[in-house]
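**Q** So the chains spell out like this:
There are 2 protein chains.
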Amino acid sequence: MSGRGEIDRLVTLLGRLPGLGPRSARRAALALLRQPQARMLPLADALAQAAHAVRTCSQCGNLDTSDPCAICVDPSRDEGLVCVVENVGDLWALERAGVHRGVYQVLGGTLSALSGTGPDDLNVQPLLDRIAAGGVREVILALGATVEGATTMHWLHERLARFDVRISRVGQGVPVGGALDVLDDGTLAAAIMARRPA
Amino acid sequence: MSGRGEIDRLVTLLGRLPGLGPRSARRAALALLRQPQARMLPLADALAQAAHAVRTCSQCGNLDTSDPCAICVDPSRDEGLVCVVENVGDLWALERAGVHRGVYQVLGGTLSALSGTGPDDLNVQPLLDRIAAGGVREVILALGATVEGATTMHWLHERLARFDVRISRVGQGVPVGGALDVLDDGTLAAAIMARRPA
Ligand SMILES: [Zn+2]
Ligand SMILES: [Zn+2]
Numbered sequence: 001m002s003g004r005g006e007i008d009r010l011v012t013l014l015g016r017l018p019g020l021g022p023r024s025a026r027r028a029a030l031a032l033l034r035q036p037q038a039r040m041l042p043l044a045d046a047l048a049q050a051a052h053a054v055r056t057c058s059q060c061g062n063l064d065t066s067d068p069c070a071i072c073v074d075p076s077r078d079e080g081l082v083c084v085v086e087n088v089g090d091l092w093a094l095e096r097a098g099v100h101r102g103v104y105q106v107l108g109g110t111l112s113a114l115s116g117t118g119p120d121d122l123n124v125q126p127l128l129d130r131i132a133a134g135g136v137r138e139v140i141l142a143l144g145a146t147v148e149g150a151t152t153m154h155w156l157h158e159r160l161a162r163f164d165v166r167i168s169r170v171g172q173g174v175p176v177g178g179a180l181d182v183l184d185d186g187t188l189a190a191a192i193m194a195r196r197p198a
Numbered sequence: 001m002s003g004r005g006e007i008d009r010l011v012t013l014l015g016r017l018p019g020l021g022p023r024s025a026r027r028a029a030l031a032l033l034r035q036p037q038a039r040m041l042p043l044a045d046a047l048a049q050a051a052h053a054v055r056t057c058s059q060c061g062n063l064d065t066s067d068p069c070a071i072c073v074d075p076s077r078d079e080g081l082v083c084v085v086e087n088v089g090d091l092w093a094l095e096r097a098g099v100h101r102g103v104y105q106v107l108g109g110t111l112s113a114l115s116g117t118g119p120d121d122l123n124v125q126p127l128l129d130r131i132a133a134g135g136v137r138e139v140i141l142a143l144g145a146t147v148e149g150a151t152t153m154h155w156l157h158e159r160l161a162r163f164d165v166r167i168s169r170v171g172q173g174v175p176v177g178g179a180l181d182v183l184d185d186g187t188l189a190a191a192i193m194a195r196r197p198a
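Those protein sequences? They're chains L and F, same order as listed.
Here the first sequence is numbered in full-length UniProt numbering, starting from 1 and rising by one per residue.
Here the second sequence is numbered in full-length UniProt numbering, starting from 1 and rising by one per residue.
Don't read these hints as lab results, they were simulated from the structure.
Heads up, some of the hints might be wrong.
Coverage of chain F stretches by chain L, computed from C-beta distances (three or more under 8 Å per stretch; other residues unrestricted) [to be verified]:
no., stretch
1, 6 to 14
2, 30 to 44
3, 57 to 68
4, 88 to 99
5, 119 to 131
DEER-style ranges, computed between Cβ atoms [as the list claims (entries may be wrong)]:
no., chain 1, residue 1, chain 2, residue 2, range
6, F, Arg137, L, Pro18, 29 to 35 Å
7, L, Pro18, F, Glu79, 58 to 64 Å
8, L, Asp184, F, Asp120, 44 to 50 Å
9, F, Glu79, L, His52, 46 to 52 Å
10, F, His154, L, Pro22, 30 to 36 Å
Owing to the predicted nature of the structure, the values given are computational and were not obtained by experimental measurement.
Where is the CB? At the ideal position from N, CA and C, for every residue including glycine.
Bound-form chain L, shown alone (with noise of 0.2 Å):
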């Protein structure tokens, strides 16, 4: 197989997607190169298209094409509900679901002794200048129910109590040590509507 270096980097650079591993990898560059104009050319296309449109959502820290993005310009969302999640996955999750009428607030992380990811590593002070700024009524804290996700938890509803603003949490639905992205729609929906004061 001497003499393909483009097939090889090609292989290379899928096996490194979260999900492929080597032979799986491999299977997906065969899929593709038996259809390069169908298949492949398309694929990069939207990468590269992609890859320059993204932007990080200065207010809520969302991957969108705009920024700030399209759910925090919509003027159907409730502004004065903001649900605190982990990462831009499980905004996709409750997003999917369609159970959060209102905005987000995306931390990038969870509190980690292990992973050494501490306070300042969370996008959490525009969530405080929105409060600051009135106008948010209620916080939902929407992070799993690991231990650092109740660790965090814990240190944002300290970091709240001083503000005159409601603090739940999603209760009932999210299974002990579970991620949220995982969960099907309807426990999704569950978890917030069961929401209680934190």
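Chain F with the ligands: place on chain L using the hints.
**A** Leaving out everything else, chain F with the ligands in the frame of chain L:
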């Protein structure tokens, strides 16, 4: 999630890759979107480069960046020993195992009433031409131990019987009902070593 056409398109195209369901496609897209410069653009570039560079070898049916492919022009390979495989994935598997020192013929499928693949759909003429031109001592039939594989090997054996060429098939090592490209290197080596007259 309205207004994010580029991101949705990327998730859709990634989700069409074999081995990536909608969920892992979203995970892959997120991992890429988080590093547009470091991950997305290199992958986009690799796809575009490979799409423009890839060729189907007119001699053996392999996918490579040159035609004839690197294997066909490699003077160290034994042109008298031709290994017949179903698809390029099988060829790659044998090359990774390093168990075949000859050249290949990639059929592009197996005879199958179900999928409507008939003799005319198989890329076998180059092999017949090579044999007719002389210089081929042995043809190894390395198809999977499936009904289609067995049918195809039987059919190939009949087509090749009139030539003065040894015909063998991979034997011990290929599990019944198993495909070739899931086998470990040792099993592939055993199958090649234990080949027997077809
Ligand atoms: Zn936003
Ligand atoms: Zn070739």
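**Q** Now tell me, hint by hint, if it's right for this structure.
**A** Cross-check of the supplied hints:
1. With a threshold of 8 Å between beta carbons, the proposed coverage of the stretch 6 to 14 of chain F by chain L holds, since 6 of its residues qualify and at least three are required.
2. For the stretch 30 to 44 of chain F, the stated coverage by chain L holds: 13 residues have a C-beta nearer than 8 Å to a C-beta of that chain, and at least 3 were required.
3. Counting residues of the stretch 57 to 68 of chain F whose C-beta lies closer than 8 Å to any C-beta of chain L gives 4; at least three are required, and the coverage claim holds.
4. For the stretch 88 to 99 of chain F, the stated coverage by chain L is satisfied: 5 residues place a CB nearer than 8 Å to a CB of that chain, which reaches the threshold of 3.
5. Here's how the stretch 119 to 131 of chain F fares: 0 of its residues keep a CB closer than 8 Å to some CB of chain L, so the rule of at least three is not met and the hint is violated.
6. Checking the proposed 29 to 35 Å range against Arg137(F) and Pro18(L) shows it is violated: the Cβ atoms sit about 47 Å from each other.
7. Restraint check, Pro18(L) to Glu79(F): a C-beta distance of roughly 43 Å breaks the suggested window 58 to 64 Å.
8. For the hinted restraint 44 to 50 Å between Asp184(L) and Asp120(F), the CB-CB distance of approximately 48 Å keeps it satisfied.
9. Judged by the Cβ atoms, the range 46 to 52 Å given for Glu79(F) and His52(L) holds: they are separated by roughly 48 Å.
10. Between His154(F) and Pro22(L) the beta carbon distance is about 34 Å. The supplied range of 30 to 36 Å therefore holds.
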